Amino acid sequence: MAARKKSSGGRKYGKAAGKSVKRAMHKRKSGTLKSGRSGRKVTSRKQAIAIGLSEARESGAKVPRKRSSKKSSGGRKKSSGGRKKSSGGRKKSSSRKRSSR
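Residue 86 in our numbering sits at position 86 of the sequence shown, with consecutive numbering throughout.
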């Protein structure tokens, strides 16, 4: 017989957290679940679960901490797009602007 790993502490999520997620899923199904500040209707299943867990966390239910994001610093890099920005100087004459369109 293979040795089993002992679980320390039972459930990962508390029962109250499960209820909160269930409530959020029902709201999503009926189309009344709204997201945070914008108040837009939530249609994503994953988003509904996240909202339910967030509410449970606020109310003090047993919910594990959120995973820290592993984003690289600096965010998204902008590509030059093959266009060079002019370094000031003269303005294009209006007739030249029209011809280049």
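What the hints contain is simulated information worked out from the structure, not anything from laboratory work.
Take the hints with a grain of salt, since some may be wrong.
[Unchecked claim] No farther apart than 25 Å at their CA atoms in a straight line, the calculated lysine-lysine pairs in the BS3-like style are these:
{"no.": "1", "residue 1": "LYS29", "residue 2": "LYS19"}
{"no.": "2", "residue 1": "LYS46", "residue 2": "LYS62"}
{"no.": "3", "residue 1": "LYS41", "residue 2": "LYS12"}
{"no.": "4", "residue 1": "LYS46", "residue 2": "LYS66"}
Please read these numbers as outputs of a predicted model, since none were measured by experiment.
Satisfaction of hint between LYS12 and LYS41, Cα-Cα up to 25 Å: violated (29 Å)
Agreement of LYS29 and LYS19 with the hint, judged by alpha carbon distance not exceeding 25 Å: holds (15 Å)
Pair hint outcome, LYS46 versus LYS62 [Cα-Cα no greater than 25 Å]: Holds: LYS46 and LYS62 sit about 19 Å apart, inside 25 Å.
Pair hint LYS46 and LYS66, alpha-carbon separation not exceeding 25 Å: holds (14 Å)
Comparing the model with each earlier hint shows a violation of hint 3 alone; every other hint is respected.
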